[in-house]
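J.: Residues per chain, in single letters:
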Amino acid sequence: MKQWSKKQRLLVIAVFAAVLLIVGVAAGALNKKQTQEGIKHFSIEVVSERDNYYSSMECESGEEFLGGYLRTMEGCEWQESDYGIYITGFEGMKEDTENQYWWCVMVNGESATTGADGIPLQEGDTYRFELMQGW
Amino acid sequence: MPVRKMTRIALLSAILYIAKVVLEFIPNVELISFLTIIYTLVFGTEALLIVTVFNMFELVQWGFGVWWISYLYVWPLLVLATIFIKRMLAMGGFGKEEFALWAVVSGSFGLLFGFLFAIAYLPVNPAYALSYWLSGLLWDVWHGISNFVIMLFIGKPVYLVLNKMAV
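So the protein sequences, as listed, match chains A and B. The first sequence begins at 1 in my numbering and counts up by one. The second sequence begins at 1 in my numbering and counts up by one.
A hint or two may mislead.
[Said to hold, decoys possible] The calculated SDA-like cross-link candidates involving lysine to any residue, where the alpha carbons are at most 20 Å apart (straight line), are:
1. A:Lys33 - B:Ala129
2. A:Lys33 - B:Tyr132
3. B:Lys5 - B:Tyr159
4. B:Lys20 - B:Glu97
5. A:Lys2 - B:Ile83
6. A:Lys6 - B:Lys5
7. A:Lys40 - A:Gly134
[What the hints assert, rightly or not] Distance ranges between label pairs, derived from CB positions:
8. A:Asp51 - B:Met88: 50 to 58 Å
9. A:Glu63 - B:Arg87: 52 to 60 Å
10. A:Asp51 - B:Arg87: 55 to 63 Å
Hint data in this document are derived by calculation from the structure and do not stem from the laboratory. Glycine included, every Cβ here is placed at the ideal spot set by N, Cα and C.
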């Protein structure tokens, strides 16, 4: 059986390291969030079919990201996680992981693909928090 | 199926599951990719049964979700990719104990994990699948680095230990 030479091994590792670096830089550039400075006006909706609850309110904040605002929002229950803020409840309506109830974050009607700490607050946006069931 | 083989599948899938639970507190650092590649190197296509049993454990613990559909093809795909690369090595006259290569394979799998995972979301919402993948790309890079390092440093010793079981 032939074996790879040390040079071949180093070459493969170097190529892979270069790919990681390029993808890392590209990912960083793609995910750089454009934030707005100053006070933003936006809407917050909280919806829970389980609790027969719906509320909508107009808000304003100077925070850059939704997560920053939620940390100061009355009625929002949350905890810190490795991925940033993790929402556990609104107005006493708590998530229920045993029964697979969790709070989904939506921005202008679309499910968010990042946590609230990765969502920039934008003037006129609507942020909806809906209690969903099922992973 | 011989009892010895059945017991081995049960044991190795349990190790896979425990390895996942133990490292769950560190984001995107896992031993499943590493163990799946090693299992495939040692036991060949038997690894397909091992990852299937592991997927069943996940289903029992977490219940059904779209993520589980991803699991159904992601891990078997890694097994098949490993078998394919192993055969390519053999065709070139090389042995399978090239752990620099397996480190790159494991790292590449980590790097592609978000992409592969997002495929299950394509029929539901293609735009969501794309943004899910792109928004998690930095985590995929981290996943690739951790997979690469794990295989590079403990690949060979774990492979040698497991090889003794393959009688």
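J.: With reference to the structure, classify each hint as holding or not holding.
T.: Hint-by-hint comparison with the structure:
For the given pair, lysine 33 of chain A sits about 19 Å from alanine 129 of chain B by alpha-carbon distance, which is consistent with the 20 Å threshold. The hinted pair formed by lysine 33 of chain A and tyrosine 132 of chain B meets the criterion: a straight-line CA distance of about 15 Å does not exceed 20 Å. For the suggested pair lysine 5 of chain B and tyrosine 159 of chain B, the alpha carbons sit about 18 Å apart, so the restraint of at most 20 Å is met. Taking the CA atoms of lysine 20 of chain B and glutamate 97 of chain B, the gap is near 25 Å; set against the 20 Å cutoff, the hint is violated.
Between the alpha carbons of lysine 2 of chain A and isoleucine 83 of chain B the distance comes to roughly 19 Å, so the proposed pair stays at or under 20 Å and holds. Of the pairs offered as hints, the one joining lysine 6 of chain A and lysine 5 of chain B is violated, with about 37 Å between alpha carbons and a cut-off of 20 Å exceeded. A threshold of 20 Å between alpha carbons decides the hint, and for lysine 40 of chain A with glycine 134 of chain A the separation of about 33 Å lies outside it, so the pair is violated. Checked against the hint of 50 to 58 Å, the C-beta distance between aspartate 51 of chain A and methionine 88 of chain B comes to roughly 57 Å, which is consistent with it.
A hinted range of 52 to 60 Å holds for the C-beta pair glutamate 63 of chain A and arginine 87 of chain B, which are about 55 Å apart. Judged by the Cβ atoms, the range 55 to 63 Å given for aspartate 51 of chain A and arginine 87 of chain B holds: they are separated by roughly 56 Å.
Going down the numbered hints, you'll see the structure goes against 4, 6 and 7, while the others check out.
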